[in-house]
Structures are given as C-alpha cells and as structure tokens.
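Novice: Protein sequences appear in the order of chains R and S. Counting in this note's numbering, the first sequence runs from 2 upward without gaps. Counting in this note's numbering, the second sequence runs from 2 upward without gaps.
Calculated directly from the structure, the hints in this document are not laboratory data. Some hints could be false.
[To be verified] Which residues of chain S face chain R? A partial, calculated answer using Cβ under 7 Å: (1) Thr60; (2) Ser110; (3) Val115; (4) Lys134; (5) Asn165; (6) Ser186; (7) Arg187.
[What the hints assert, rightly or not] Some chain S residues close to chain R (C-beta under 8 Å, calculated; not the full set): (8) Glu20; (9) Ser23; (10) Asp167; (11) Leu228.
[Unchecked claim] For lysine-lysine, the following BS3-like pairs were computed, each having C-alpha atoms within a straight-line distance of at most 27 Å: (12) Lys143(S) <-> Lys143(R); (13) Lys158(S) <-> Lys15(R); (14) Lys15(S) <-> Lys18(R).
Every value quoted in this text rests on a predicted model; they were computed, and no experiment measured them. Even glycine gets a Cβ: it sits at the ideal position worked out from N, Cα and C.
Number of protein chains: 2
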Amino acid sequence: MLIKEIKELRSTIKSWKREGLSVGFVPTMGALHEGHQSLIKRAVEENDKVVVSVFVNPTQFGPNEDFDSYPRDINKDLEICLSAGANVVFNPEPSEMYYGDKSTSVSVSKLTDVLCGAKRPGHFDGVCLVVSKLLNIVTPDKAYFGEKDAQQVAVIKRMVRDLNIDVEIVACPIIREEDGLAKSSRNTYLSAEERKAALVLSRSLEIAKDTLKNGERDARKIKEFILNELNKEPLAKIDYVEIIDSDSLASVDIIERNILIPIAVFIGKTRLIDNFTFEIYTY
Amino acid sequence: MLIKEIKELRSTIKSWKREGLSVGFVPTMGALHEGHQSLIKRAVEENDKVVVSVFVNPTQFGPNEDFDSYPRDINKDLEICLSAGANVVFNPEPSEMYYGDKSTSVSVSKLTDVLCGAKRPGHFDGVCLVVSKLLNIVTPDKAYFGEKDAQQVAVIKRMVRDLNIDVEIVACPIIREEDGLAKSSRNTYLSAEERKAALVLSRSLEIAKDTLKNGERDARKIKEFILNELNKEPLAKIDYVEIIDSDSLASVDIIERNILIPIAVFIGKTRLIDNFTFEIYTY
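Make the full structure from the sequences, and use the hints.
Specialist: And the structure:
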C-alpha cells in the first residue's frame with residue numbers, strides 16, 4: 002500500500018499496534034537496489050509489519066549536490082518494496098514533511114566533525130532531522146540502516162541514545178555487485194568506463210584487509226596501501242581515507258581495538274563511499 | 002509511585018498502553034506550587050493515567066544561574082503530586098538522563114532569538130533537549146505546560162510540530178497569589194521587602210491590560226505605561242518588556258492581532274517573569 006500523508010500512515014500504524022503487532026521500518030531515498038532489498042527482507046523476517054519510506058530528503062543535500070538529479074522512480078520502488086514483503090510504502094511530498102517556517106534542528110556534534118560530516122557540511126543535520134521525524138511518525142520497534150553509510154549508522158545510534166528514542170537501530174552488511182562494487186543508488190551515474198574504474202574502492206579495501214589479517218597494526222602504513230592503490234586509477238579523485246575507532250570515529254594510530262576504514266572517492270563527478278570494519282579479536 | 006529509572010518508567014507506561022489507557026504528562030523542575038498543581042489536576046481530569054517528572058535539568062541553566070541553589074524537596078513534591086491525583090512521579094538523577102559523551106542537540110531557531118532566549122543563551126536548547134527526551138520516554142497523549150513561561154510554550158509547540166512528535170501540548174493559565182504575583186518556584190528567593198516589590202510585575206501588566214481594553218493600539222505607548230510603572234519600584238531592574246505576536250513572537254507596532262506581552266524583571270537578585278495574552282477579538 003502506498004501512503005502519502007502522515008495522518009493516514011499514523012492511523013494505519015496505530016491500528017497495527019492496537020492488535021499488538023510489531024513494526025519494522027526501513028527509511029530510504031528510493032532508487033532501491035539489492036542493498037535496500039536486503040534491509041526490507043530482514044525487517045520482514047524480524048517484525049509483524051514493515052514500513053519503507055521513500056523520500057528524497059532535501060535538507061540533507063548541500064547546495065551544489067545532486068538533489069535535483071537524484072534518481073526517482075516510485076512505481077519501480079513500490080514494486081521492489083512489496084515484492085520484498087513490505088506492507089506500506091510511505092512516499093510524502095516535501096511539503097508534507099516540512100513547514101515553510103520550520104525552525105527546529107537536531108544535530109549530533111563530534112561524530113559529525115569527520116568524514117562525510119566534514120566533507121558535506123549540514124548533511125548529517127539533515128539526516129538527523131528527517132530520521133527523528135520519521136521515527137516519531139512511524140514509531141517502529143526496529144529501524145534498519147545499511148553499513149555502507151557507516152558514519153550515518155554511528156550518528157543515528159548516538160541520536161537515538163541521546164534523545165531516548167524507543168527504537169532498536171539494526172545495522173545491516175554492505176551488499177556488493179559480483180565484482181565487488183558496493184551497491185549504491187549513485188552507481189547509475191557512472192559511465193561504462195567509470196563503472197570499471199569504481200572497482201578501485203573495493204579493491205583498495207581488500208588490500209587493506211589482507212594486510213591487517215597478516216598482522217600489520219600501524220594505521221599509517223595501512224592507509225598508505227589504500228592510497229597507493231587508489232592513486233593508480235586515473236579516474237579516481239580521493240575525498241578521504243580514514244582509519245578510525247568504530248564507536249567514537251576518532252582517528253587511530255596503532256590498531257588495538259575494532260576499527261572502521263571508510264573511504265570516499267570521486268569517480269569522474271560521482272562521489273562513492275565504501276568501508277569495512279576490522280574486528281581485532283576475530284582474526 | 003516514585004520512579005527513578007527510565008527502564009522502569011517505560012515498562013509501567015507500556016503496561017498502561019496495553020490496557021488502552023491514555024497518559025497525561027506534566028514535566029516540572031519540582032519545588033511544586035499551586036501553578037503546577039493546576040497542571041496536574043487538569044491532566045488527571047483529561048487522562049486515565051498521569052506522570053509528573055521532577056527533574057532540575059542542568060542543561061537549561063546558564064553558568065551563572067541558580068542551578069545549585071534551585072529549591073529541591075522531592076518528598077514534599079511527591080506528596081503534592083499524589084494528592085493532586087498523579088500516578089507516577091519520575092525523579093531521575095542527572096546521570097540517568099545524560100551520558101558523559103552526549104553530543105545530540107535539539108534547537109528551535111528564530112522563536113528563541115528574543116525574550117528569555119536572548120537573555121539566557123542556551124536556555125531553550127536545554128529545554129528542547131530535556132523535553133524531547135522526556136516526551137520520548139513518557140510518550141504521553143497530552144503534555145501540560147504553564148502559560149507563565151509563554152515563550153517556552155511557543156518553542157515547545159514549534160518543536161513538537163517540526164519533529165512530528167505525536168503529543169498534544171496543552172497550555173494552562175497562570176496561577177497567581179491573592180495579591181496578583183504569578184506563582185513561581187523562584188518566589189521563595191524573595192525577602193519580605195522584595196516580595197512586596199515584586200507586585201510591580203502584575204500591577205504594570207494590569208495597567209497595560211486596562212489601556213488595551215480602552216482601545217489603545219499603539220504598542221509603543223502600551224510599552225511606555227509598563228516601563229513607567231516598573232521604574233517606580235526602586236528594587237526592580239527591568240530585563241525586558243516586549244509586545245509581540247502570540248504565534249511568531251515577532252515585535253508588533255500597531256496591535257491588530259492577538260498579542261503577548263511578556264516581561265522579565267529582576268527584584269533584587271531574583272529574576273521573575275510574567276505575561277498576558279491580549280486577544281484582539283475578545284473585547
């Protein structure tokens with residue numbers, strides 16, 4: 002079922018809750034791919050009812066970013082959601098979500114000073130605002146986010162903790178193409194040549210992973226391996242490569258605890274991100 | 002019943018909700034007086050169950066304000082709440098409410114640029130943070146606030162609207178002492194002489210009200226009447242006197258719509274506030 006109004010969504014969810022049913026929620030910006038599908042399927046497994054929101058949120062795009070060109074195809078998205086088992090697709094207009102004189106902001110500091118937060122000023126304020134609104138509208142038991150946006154997961158978890166929002170945030174693994182490229186709605190921007198060049202992201206992370214498995218614990222050296230690999234690709238322009246603590250997102254010199262290695266790379270004009278978490282006690 | 006932990010409060014409220022009971026909520030900083038009692042009684046009339054929070058919220062006090070000296074007497078407060086018909090008093094420690102590494106903020110801009118927001122930097126950020134947390138913990142159907150803190154009511158209403166928090170904000174009339182002084186927990190700071198001097202707040206507002214009833218519509222003139230009256234009192238030091246639009250809190254020159262006249266005055270070291278709303282179509 003497609004719902005466009007907050008009021009109708011709320012009343013649908015309230016009727017579920019009166020029956021004692023649990024609600025899972027997958028917030029998306031649409032242009033759904035197998036990554037989103039994996040979130041929806043997991044939500045369907047773990048909850049009685051599942052809501053997917055499809056909303057290209059204007060407040061999380063910078064003035065020179067791709068808000069206008071971001072791919073939109075609600076009919077295709079609706080089909081993907083329903084075939085994955087979602088019960089409701091919430092697809093509001095921007096005017097349904099934001100008043101002209103909106104003046105409330107939700108911000109997470111510190112965690113957003115680095116990575117995409119540093120490179121995309123205001124981005125996470127937009128994410129926190131829309132996610133807090135959506136969580137208040139849907140009031141889910143569990144909400145599902147992809148680990149591809151690792152910083153987003155950390156920021157949302159912090160926001161939910163600090164604001165006592167009564168929801169469990171479930172982070173789900175990155176889904177990749179067969180050749181290793183992390184699935185992303187923005188992959189559709191890539192030309193054939195760029196699509197090939199984009200493999201440098203996952204390849205450089207694989208090298209880092211192998212080096213870590215072989216026992217290297219000097220973050221500076223690991224970073225050098227990644228940078229070297231990325232620099233071999235002429236179409237790639239590095240935005241950031243970091244080695245950070247998984248929880249605090251603080252920079253790490255010697256790797257002694259679980260770390261996150263997130264990278265952001267422009268392939269032509271398209272900015273792609275990828276990452277992996279290295280759990281120190283696993284190996 | 003006194004509850005100190007979020008977990009216990011949530012589970013109590015969830016058991017009420019499972020029975021289909023409605024929940025009213027009165028957030029306070031304790032030091033309860035007849036003003037708070039009137040909120041609790043109204044909540045008891047309008048809801049099946051009522052929660053009162055008693056929490057002197059550190060994040061809404063400035064560094065040179067009265068956080069340490071703010072009156073605290075949980076036993077007396079508990080008695081007042083229960084005798085007014087409340088079911089639960091939530092009295093958390095600051096460490097139950099705030100993590101050491103808290104980094105999420107909730108802000109309302111514009112509405113907080115004036116009045117107490119301008120005079121007490123950060124105050125409303127603290128209010129928005131604690132109220133959004135408490136609303137997420139209690140998930141009430143209705144929450145009750147006193148009109149004495151008129152700007153607070155406007156800010157909370159805006160926050161609730163902008164963040165889609167599913168609660169009705171109920172604003173309740175100012176309760177006064179017999180001689181006209183608005184009830185306030187901070188009245189206990191006043192010496193006998195100051196207590197007498199404090200009457201200048203309500204007296205100056207009464208003069209403004211009479212002038213408005215007599216047809217004066219020039220905000221500058223009304224303001225002058227108030228300032229003249231306040232200036233007659235040697236113990237009074239004016240913090241602000243404003244004539245503003247009830248909704249936008251924007252300054253008004255010619256009074257053509259509903260207005261709010263809020264004042265803040267130091268009596269000795271104690272900062273007191275008072276206000277009234279003039280409804281243009283009432284007279």
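Novice: Which of the numbered hints are not met once you compare them with the structure shown?
Specialist: 1, 3, 6, 7, 8, 9 and 11
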